[in-house]
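Asks: If you're matching them up, the sequences are chains X and U in order. Take 1 as the starting number for the first sequence in the numbering used here and just add one per residue. Take 378 as the starting number for the second sequence in the numbering used here and just add one per residue.
It is possible that some hints are incorrect.
[Unchecked claim] Sample of chain U residues at the chain X side, in silico, Cβ under 10 Å:
hint : residue
1    : 419
2    : 425
3    : 493
4    : 496
5    : 540
6    : 566
7    : 625
8    : 633
Derived by calculation from the structure, the hints in this document are not laboratory data. Note that CB positions come from ideal geometry on N, CA and C, so glycine has one too.
Spelled out from the first residue to the last, the chains are:
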Amino acid sequence: MPKIDRRSLLKATGAAVGATALAGCTGGSDSGGNTLEKIGMSAYVRGGAWITAYIEAAEYYAEDLGIELEVRPNQQSAQKQVNDIRDFTNGDHDAILVGVWSTGAAEGAINQAMEQGTPVFATNADTSSSEIPLYVGFSNYDGGAASADAMLPALEQQYPDKDTYRVLNVRGIQGNQSANQRSQGFLDVMAEHDNVEVVQTLNGEYARDIAQSTVQQWINANGVVDGIYSGNLSMGLGVVQALRNEDLLVPKGQEGHVVLTQMDGSPEVNPLVGEGMIDAAVDQPNYFYNPIAMYYMKQYVEAGNDDSVIPDVGTEVTSSDLNIQPGQHKGIEMWSEPIWEPGIMREQNGHPWFRTNGIVITEENYEQPFLWGNVWG
Amino acid sequence: MATKEGFLSEYLGDTDDTVLTLLDNMIWPILGIVILGVLIFVPQTLRNFRSVQLLLWAAVPLGLLVLAESLCLLSGNFDLSIGSIAGFSAMFTGMLLGTCPSCWGVISSPWLGLAIIISVGAIIGLVNGVMIARVGLNPFLQTLAFLIIFEGAKTAIQTQPVTGLPSEYLAIGGSANFAILILIVAFAIFGAIMRYTTFGQSVYALGSSEKSAREVGIDTNRLIMMIYTISGVLSAIAGLMLTGFVGVVPPLIGEGLIFQAFAGAVIGGISLFGGRGLITGAFGGVILIQLVQSALNNSTAVGATEIQMINGFVLFIAILLYSTQSKIRSRILASGSV
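For reference, chain U alone in the conformation it holds in the complex (with noise of 0.2 Å):
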């Protein structure tokens, strides 16, 4: 029989399994408090179905970002070239199948388009990963670098907007629905990899703890490889979307991405410093970021001008919250109770 205290602290933990439950997926709570406001002061934001359609389907160049980031960042690693992978994957993939003047146009299929634009994300993101696990250099450089490198890249081969690419290869980001369903998909994917497989449970542990992962027999230089590579392949794909969305590749695409990528990840609730974080709640942080900035857009209260530092307070609150979050979790589980 349970004694009152058995009671007490198999109810206390209970709480604490709930509360942690809560924070772990904090983002839901405060998109619905945002959603509400958003009804509340700028109706028209969320009309009909068609605001909530095109609300996704600008997020999702962006929401590929986020995931790209939100596996490093859960390895204890990161990646500042995501932005610049997705650029230049684009603009070379653009000039190969392009007829505009200026472009190479040596490739009409889409398809092989399509098999090159991910191949040249898989090789950036891999030599990223190569260069951090094997030759040791810092993530922050190494990434550092090939955003330097490839956003260079991207303007020496093309300084002007590709244009004349196959109706079929613009379909796949220039389709509200399929473009859409695609971001929906890679995250409910990757939410399942990183919830129910060996995979997922590495890369936490590699983010909670390199030396540790190493001990329990993970093989960590080449999962760190591996995730880099997912990553330069999620952020081609975000390239490949960019260009759906817009019927060209501009000049200076997938640029000024990489900074929006790491708030969407942190208001998701994704750590700064590895080992814990939802990709589910990244995927709330990509709907936030895109939902304010819509709301933001349509209200006649806020001035063009005010709508960056508006912006800003609304990451800075998620960052507070965050760091709330993570001091509450701190103390639950320094009391043991669970």
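Same shape as in the complex, but just chain X (with noise of 0.2 Å):
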């Protein structure tokens, strides 16, 4: 006899209610069956582009699909998200895409807009809810840990005379999930080698000036270390600032080259990758967040909210499972290479977590038009 859990009963009982509903309803733009006509989505439009390149391609995607596209900015309120995904349930869209402002704060909104039959799908960051069908993202923490194993074939490569090598550690926002996991998963890969010492882990806020100012001040009291890391790409920049403020600046391979590895490529990482002055970068899909997620919620909705459509925790998911159509957008064939392959099934939070693949940038690869950094310039 097949389990039924708590999650499978509130889908049964949200997509019956949602039914009965649309059954005594002539409005709705769904009353003509389980079509996605309509979705509103709920995310953080503010910071740079690499978010740019992430809402834009959804509304590339749904414009594709021809579906409307609702986005509306969570202006860095939990309270404001909250009462958008409330907003979005209570009107005519058929579901809802979310990138969690605060990881725990939209839960009860996400569970009423779940049993009420507005399916709610999350991208690049996660809710607490162990309600909807898929949240599909990078993980932070293989990002931190994809860097330190970048940076230590660096290390050897520009150093091989030195037994012991002295790297700092640039985190972002304290309390931040995100800025956390991406500094454990470095700190976790670096504590497994002897001749690597973390010398410090300062505090860059995700912010551009304040890693330029911290680093360039930490340099100057404690004296030049071999590698650095930074937990964002904004932080990133920064460092190579400071650099270059100190004098410190120079390509690898060359004499007091510092070994720099970060999360996120951007149009002004990658050129400084090619440079060789950043050893590598690990870069998120994150044109494809909302691709996958409104693919799979397409197909969702129109099975009448059925979970069955997303792949099992555990499998492995390729190109050949799961086909993102290319589309012209901004001067290339978007999406005609699914860099996020391949994607990993796990389970987070109590749902479904499509877990992307990331990419690194090296001076191999830094031109490539699949690179988010070099289309949204």
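Now that you have both chains on their own, put them together as the hints suggest.
Replies: Shown next as structure tokens:
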């Protein structure tokens, strides 16, 4: 006998309630059946090119699918996000996409939407709600670990005669989940290597100016280190400027080069990787997050809010299983290179997590059009 | 011939004068103690001239905002919008000057850019002043509204870093010595203005009692408009300095600085209730904040997760000292010996 858990029961109830409501109601966009015609999206919309790519890709993909997408900024407020989710649920939206601002804060509103038959899919930043059908995103912990993995050979190559390496960890905002995970991933990998000493973790607060002033003061006070890891692109660029100000910014292979790895590429980061100033940047397939979520969302809604369309936890998803149809946008054939693959289905916060793959930007690939930083300039 | 009683009274009066002067300048002994502590426990923070230069350079944008806030506080008002004005004026001018794909790129002269950024700050500041002085809006509500409006307007015009700015435009905040010089000159000029000019004395009078200031013939409405306009200009220059420091206009420029600006002014002895405090003290407050931050970052004994808490304690201790100072001052003044 198949196991019926609380989530499945709520979904079935939600679908039944939704179907009943639809049967007795002539209004609404999906009165003709289970179709995905209008999506409400609540997300952080400020802060740079990264988030612009994340949002615009959602808009382009929705346009390609003929779906109306309404994007509302969360204004860095969990309360605003909760309000918007409730508003979407109460309105004529068929489903909701959410990049959660504060992990636990929107749980009640998300559960309520699910119970009322409006499915909520999370992207980029996860919710603590166990009810959602899917979360699509990168692993921040794995990203930090990949940055450490990229730094280790670069250190050995740059300083073959050294026995131990001194490195700095520049982390994001205290208490921020992604900042913690990115930092911890890096620290855990480095802790496994006796020849690497993480001499200090500095607060860069995800801000370019703070990372710049903090790192240049620290280096001046404590001496040059062999490597620096930065937890996001703004801080990485602040570190580059700090080294430039201290006359320490030289390309890899040259004497005095400080090995730099960081999270995220960008229009500014990618050329610096090409010049050898930054050794590696671990990038996210951010312009795939919302299309992947919408791909499954469409199937889910059309199947009557049936979560069997979501790949099972533990499976690996490749482009043969999931085909995001390329489209002409911003002068390129967007989504033509499935840099998200393989996607690994994991469980997080009691719901499925489509963990996308990351991509390491190096001198070999920094100009490729599949890197978002080369498209959103 | 002076009697014994007269001599004592004169002596005690002199002592009280000395105590009051010390209280007015309390930030400096505090700063001295903190410097001593830093030299003992985190000596690498001040290991060479470059350390001091880097510390002061990083303090330039905050310093200008503290100066702007101090002027408003001394006049019995305050300005919540200084960070937003800094950010918006920098972003707006950056969009006009920048060559990034999404920039407007309509001007190329760095000098015109300089004129524009200052004008934008001045206009926003003037509107703040007009709304408060002429329309009679509460300063808290007016500047809160402008904080929200201009932070939002900055996002509305650009969400990506503005790049491709002229090197001369960036050089103003990007050259450590020049930026520090601007900060010191700004504090010196305003310190002198507040101490030696009618304008400065009028600001103190306004901050002590608006009614009394009006009764002695000060045009308080005009004065408030002038103060907010100056505050806007100083905020815009802070935006210019931030732009030069970073080399681009980052999308979140100027955000989160307002609380530090208040902290710098209050630690420096500027009264939250107006009419009391020295501009030189506010400068000391800026240095103290930056020094503590730098020392905490350099200290291996303090973890990254503990820095904010310790910063908070430093602010709390400074507020306690400020409160004690106010009580001692009141007691001396109530004794009538000065």
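Asks: Hint by hint, work out which the structure violates, then give me just those numbers in ascending order.
Replies: 3, 4, 6
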